[in-house]
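*Asks:* Grab the two chains, each in its own frame, and use the hints to assemble them into the complex.
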Amino acid sequence: MEASALPAATGAGRRRRERLVPLLFLAPALIFLLVWLVYPTVRTVVRSFFGRSGSDFVGFDNYKALFTTDTLRTAIKNNVIWVAVVPAFVTAIGLIFAVLTERIRWSTAFKTVVFMPMAISLFAAGVIWRVMDQTDPSLGTVNATLKVVHDAFGSSGPLTTAQPSTPALTGSPSSGFVLRAVVRPGGVALMGLTAIPPDEVPAAAPDAVRPAPRAGAIGGVVWRDFKPGGGRPGVVERGEQGLGGVDVELRPAAAGGAVASTTTAANGSFSFGDVRPGSYRVAIASSTFAAPFAGVNWLGPKLITPAVMIAYVWVWAGFAMVIIAAGLSAISREVLEAARTDGATEWQVFRRVTVPLLAPVLSVVFITMIINVLKVFDIVLSVAPQSSQDDANVIALAMWRTSFGGVNDFGLGSAIAVFLFVLVLPVLALNVRRFRRET
Amino acid sequence: MEASGQAAGQAVALPRERARAGEPWAARVGRAVARGPLNILLAVLAVMWLVPTLGLLLTSLLPATAITQQGWWNVVAHPSLATWENYRAIFANSAITSALWTTVQIAVFNTVLLVVVASLAGYAFAWLDFRGRDWLFVGVIALLVVPLQVALIPIFTIYQDTGLFDTVLGLVLFHVAFGLPFGIFLMRNFFIGIPRDIMESARIDGASEWRIFTRLILPLGLPAIASLAIFQFLWTWNDLIVALTFGRNTQPLTVAIFSQTRQFGSNIELIAPASFLSLAIPLVVFLAFQRFFVQGLLAGSVK
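As they're listed, the protein sequences go chains S and Y.
Counting from 59, one number per residue, gives the positions in the first sequence under the working numbering.
Counting from 1474, one number per residue, gives the positions in the second sequence under the working numbering.
Extracted from the complex, chain Y is given alone in its bound form (with noise of 0.2 Å):
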C-alpha cells in the first residue's frame, strides 16, 4: 500500500515537473506573484491578532499622566515616551505582588498535586483489571463537560463551614478536582497506547504495579504529563470565577485586577501593567512548551 501510494504521488507531481522545466524562473517569479496577495492578507491578520496584545504592553509602558489622554502609538511615534514607571508601581504595590505569589502558589501546588493524582487513576484505568473499570471511565467522560457553576454554591458552603474558605488549599482542592476529569481521559488515553510486551516483561519479572507505575509509566507517560501540566499551570493561573468564589483575601492576580475594573479609566495605569504582568507568565510558558500544549489540545478535543 505504501508503494502504490508512492507511485501515485510521483504520478502526480510528474506533469508538474515538466511544466516547471519549460519555464525555470519565469514560473516561479508567476508563482511568488500569485502567492504575493495571499501573504499580505496573513500578514494583515497576523498583524491583526498580534496589536491588541502589543496595545497593551505599550498603553503600561505609558506615563500615568498621559495613559488617559493618549493612545499607545504615541509609543512608537515617540519611543522616549515609554516609561518603567508604573512597573516599578506595581511592584511597590503590596496587594499585586502578594496576589502575584497567591497565583504563583495556587498554579504551581495544583499542577503537582492533579499530575499525581491523574496519573494514579489514569495508570488504573488504562492497565489494572478490577469490575466495572469500563462503566466507571464512562463516568468520568460524563463528567468532562460539567460546567464548574453546578459546584459553586454547594462547596462555598462546605468550605465556609470547613475553614477551607479563603485559604490557598480550598482553591487548590477545587482546581484539582476540575482538572481531574480531562487528566485521567489524557492520561489513560495516553499510558493505553504504550506497547504490551513492555507491561507484560515487567508483570512477568514480577515488579509490582507500584514499581512499574514509577519506574515505566511515569518516565514513558512524560509528554502527556507536561501536556497536562501545562494546560492545568495556564488554567489555573488564568481562573478568575473560582477565586472570586472562595477567597476574600487570598486574591491571585486576576482577582485583584479586577477588584481594580471598577474605576476603569482612573487606574488603568495599574491594570494595564497588572494585566500585563498576569499574562506575561503564561505566555512564557506558552512559547517554551507549545508543542506539549498543541499535544494535549489534540489528544483531548479529538474525542
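Chain S on its own, in the form it takes in the complex (with noise of 0.2 Å):
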C-alpha cells in the first residue's frame, strides 16, 4: 500500500520489493500447504515403517499387515467394487438424466431435486438411507414398496400352518394338501384341518357349513376341525368354524395341473361350477400358508455394501447430472439436427453423436467420481449398523477405525493412508499433465 507513496524509489530497492510482494500474498497459504499438507505427507510415509510404539523400524510389515489381516482385505475388496460399480453407474445415471430433462419443460425443477443431496452431508445422507432401509416393512420405505409389489404379484395366504385332521387329506403346508379319494361331478369335497394357530382364524369367523351335493358341479367346504371340547375328525359339526380365504384347486386325478381354482368363502365353502365329467382331485393351494413379506435385511452384512452404495449414487447422481448437462448444452444444436434430418432415429443421435461429443465431459466425471469412490467414509460409518461395519469396510475407514477408532495402531495406519495416496497418484499425475499441457 505504500508503493504508490514511494514512487521515485531506487532500482534494487524496487526489485527487492517486487521479490517481495508476491512472497507476502503467497505466504499464508504456503504455510498451511507446507504446515497442514506437505509435511505430515511426508511425515505419514515415514511413520508407515515403523511399528506401533512409532520407535522400532519394522521394514514393510505394516504392508504385509496391509494385505493380510482379514478386515483390512475386506476394506480394500470392497474398495475395489465400489470402484468398480459406482463411477460407472453415477455416470450413465447422470448422463441419462441430462439426456431426458433436455425434453421436459420443468427441467429447472427436476435438476434441483435431483441435486438437492449435494447439499447434505454425506453422513445425514446416510442417516437418512439408514432410516429408509429399515428391515420391517412398517418402518422401512425401501421394504414398504417392495411389499406393496410382493403383494400385487402374490398376496400372503391367511394361514401360516395347519395339519390335516384325518387321513383323508395328505401334504404338508409348504406343498399343500391334496384329498386322497377321487371327486366327480356332483361329489362334495370335506377338508377338514387341525393345529391352526388360533389367531389366524377370526373368532367372528361363522361356522363351517357342509354345502349340498350339485349335479354337475363340485362343491366342499375347508374347515378348523376342532372345537373346544374336541369334536369328531372329519365332520363338520355346530361350533367348527369355517376358514375363510384358502385357495382351492380341482386338478385331474391322472396327473397335471390345476384345471380351476378358487377361494373359499367366510364360512369355508368353495363350489367349482359346470366341472366337465371325470375323475377329479381336490387341493389346498400352497399359497394359503405363503408367509407374509417379512422385509429385506438391507442392513445385514450381506447387503450392506449394496445399501450403502445406492445411498451414495443418490447423493452424487446429481453431481454427473449438472456437470454433463452443462456439456451438453455447449453441444451444438445444428450437429444434432442434421444428424436428425439425415434420417437418424433418436438412439442413433444419442449413441453415435451426443455420447461421442460428450466424452471429454463423461469422462472428468468418471475419474472424479474414482477419486471420491476412493475416500467414501462418513456414509459407510452412517448407514452401516456396528454389527455389519466389518462388512462394508472401505479403506478409508480402514484407516479411522485403526489409528483412531479403538486399535489405535498408528504405524498400520500411516501404510494404510499411504496406500490410499498411492491409489489417487495416477490421477494426480494426470491433472498436472492435462494442466502442463495448456499453459
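Calculated directly from the structure, the hints in this document are not laboratory data.
Keep in mind it's a predicted model, so treat the numbers as computed, not measured.
Mixed in with the good hints, there may be bad ones.
Covered by chain Y, per the in silico footprint, the following chain S stretches (three or more residues, Cβ under 8 Å) [as the list claims (entries may be wrong)]:
id	region
1	165–173
2	476–487
For lysine to any residue, the following SDA-like pairs were computed, each having C-alpha atoms within a straight-line distance of at most 20 Å [claimed, not checked]:
id	chain 1	residue 1	chain 2	residue 2
3	S	Lys169	Y	Ala1550
4	S	Lys169	Y	Val1767
5	S	Lys169	Y	Val1524
6	S	Lys169	Y	Met1521
7	S	Lys205	Y	Arg1508
8	S	Lys433	S	Val143
9	S	Lys169	Y	Asn1547
10	S	Lys205	Y	Val1517
11	S	Lys433	S	Val96
12	S	Lys433	Y	Arg1508
13	S	Lys169	Y	Leu1756
14	S	Lys169	Y	Val1758
15	S	Lys433	Y	Leu1616
16	S	Lys205	Y	Asn1547
17	S	Lys205	S	Asn355
18	S	Lys169	Y	Leu1514
19	S	Lys169	Y	Leu1511
20	S	Lys205	Y	Val1524
21	S	Lys169	Y	Leu1770
22	S	Lys169	Y	Leu1616
23	S	Lys205	Y	Ala1550
24	S	Lys360	Y	Leu1518
We treat Cβ as the ideally placed atom computed from N, Cα and C, and that holds for glycine.
*Replies:* This is the structure in C-alpha cells:
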C-alpha cells in the first residue's frame, strides 16, 4: 500500500520489493500447505515403516499386514467393488438424466430435486438411508415399497401352518394338501384342518357349512375340524369354524396342473361349477400358507455394501447430471439437428453423436467419481450398523478405525493412508499433465 | 461464422415449421402424448430422489412413542399425528444446541479465512510475476486430490503437542489447509480471466498491488468468491472425519449425532430431528445460492 507513496524508489529497492510482494501474497497459503499437507504426507510415509510404538523400525511389515489382515482385505476388496461399480453407474445415470431433462418443460425443477442431496452431508445422507433401509416393512420405506410389489404379485395366505384332521387329506403346508379320494362332478369334498394357531382364525368367523351336492358341480368346505371340547374328526359339526380365503384347486385325477381354482367363502365353503365329466382331485394350494413379506435385511452383512452404494449414488447422481448437462448445452444444436434430418433415430443420435461429443465431460465426471469413491468414509459409518461395519469396510474407514477407533495403531494406520495416497497418484499425474499441456 | 451458423439453423428448422403448419393442433397433441411417458418417468424419478429426505423430515415429526412402531407415511395419512415435540426436545438438549453453535463457528470462521488466503494466493498466481510460479502452481494442482487421511496422524500428534487438539481453532485451520488447493485453483482461474487492459491501466496509474487486489480484483472476483465460500461452508458444515479425529468435547452436529447412532433404534427420536436440523441449513444455503454452487462445480471439475 506504500508502493504508490514511493514512486521514486531506487532500482535495487524496487526489484527487492517486486520479489517481496508476491511472497507476501503467497505466504499464508504456503504456510498452510506446507504445515498441514506437505509435511504430514512425508511424515506419514516415514511413520508407516515404524511399528505401533513409533520407535521400532519394521520395514514393510505394516504393508504386509495391510494385505493379510482379514478386515483390511475386506476393505480393499470392497473398495475395488466400489470403484468398479459406482463411478460407471453415477456417470451413466447422470448422462441419462441430463439427456432426458432436455425434453421436458420443468427441467429446472427436476435438476434441483436430483441435485439437492449434494448439499446434504454424506453422514446425514447415511442417516436418511439407514431410516429408509429398516428391515421391518412397516418402518423401512424400501421394504414397504417392496411389500406392495410383492403383495401385488401374490398375497400372503390366511394361514401359516396346519395339519390334516384325518388321513383322508395328505400333504404339508409347503406343498399344499390333497384329498386322497377322487371326486366326480356332483360330489362334495370335505377338507378338515387342525393345528391352526388360534390367532389365525377370526373369532367372528361363521360356523362351517357342509354344502349340499349339486349336479355337474364339485362343492366342498375347508374348515377347522376342531372345537372346544374336541369334536369328531372328519365331520362338520356345529361350533367348528369355516376357514375363509383359502385357495382351493381342482386337478385331474390322472396327473397335471390345476384346471380350476377358487377361494373359500367366510364359512369355508367353495364350489366349482360346470365341471366336465371325469374324476378329479381337490387340493388346498400351498399359496394358502405363503408367509407374509418379512422385509429384505439391507443392513445385514450380506447386503450392506449395495445398500451404502445406493445411498451414495442417490447423493452423487445430481453432480454427474449437472456437469453433463452443462456439457450437453455446449454441443451445437445444429450437429444434432443435422443428424436427425439425415434420418437418424433418437437412439442413433444419442449413441453416435451425443455420447462421442460428450466424451471429455464424461471422463471428467468418471475420474472425479473414482477419487470420491476411493475416499468414501462418512456414509459407510452412518448407514452400516456397528454389527455390519466389518462387512461394509472400505480403505478410508479402515484407516480411521485402525488409527483412532480403538486399535490406535499409528504404524498400520499410516501404511493404509499411504496405500490410499498411492491409489490417487495416477489421477494426480493426469491433472498435472493436463495443466502443463494447457500452458 | 456466426451468420453461416444461423443460416444453417434456419435451414434445419424450416421443414419442421412446414410440418407443424400442416396439422396445427393434432400434431401438438400428438407430441404431448408422446412426451407423456417421459414426463411420468421423470416425475417418478423426482419422487424417488425427494422421498428419502421427506421421509426423514416426517419421521422426525412422529411422536417418540410411535417412531419405532410406524413408518413416516402414517403422518401423510394422519397429519394430526405430527408433533414438534422431538424438535422441542433437541433444542432443550444442551449437547445438541452447543454442537449447533460449534458447527456455526467452525463453518463461518474457516470460510472467511479460506476465502482471504485463497484470494491472496490466487491473485499472486494469476497476475504477479515471480520465479518458479508455474512450478509452484503445478504443486498446488498436485495437492488437489491428496486424501486428507494422509495428514490425520501427524496432525493429531502436532495438535496434542501444541494444545490445538479439541479446539475450534484446530479444526478451522485444518479445514482451511485442505480447502486451499481447490480454493487457489478456483481463484487463480477466475482472476486470470479479468481483462489485461484493466490491470495494465491500474498499474500505469501507479496503484500498488495491494490496492489493485482490494479495489479491483476482489470486487470483480465476487462471483468466484461466492462459489468458493459456499463450497467451503457446505464442506465444513458437513464434515465428520476431521471433527471426529481432532475433537473430544468440541463436537459439531455431525459428531454429536454420530455418538448417538450406536443405539440407533432406541434414540431415533433424537437422531432424526437432529439430522434434519443439520441438513436443513446447508439445504437453505444451497437453494438460495444454487447458481454460484453450480458455477464453482463447473469451474472446478472441468480441469
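*Asks:* When the hints from earlier in the document are held up against this structure, which numbers fail?
*Replies:* Hints 3, 7, 9, 12, 22, 24 not satisfied by this model.
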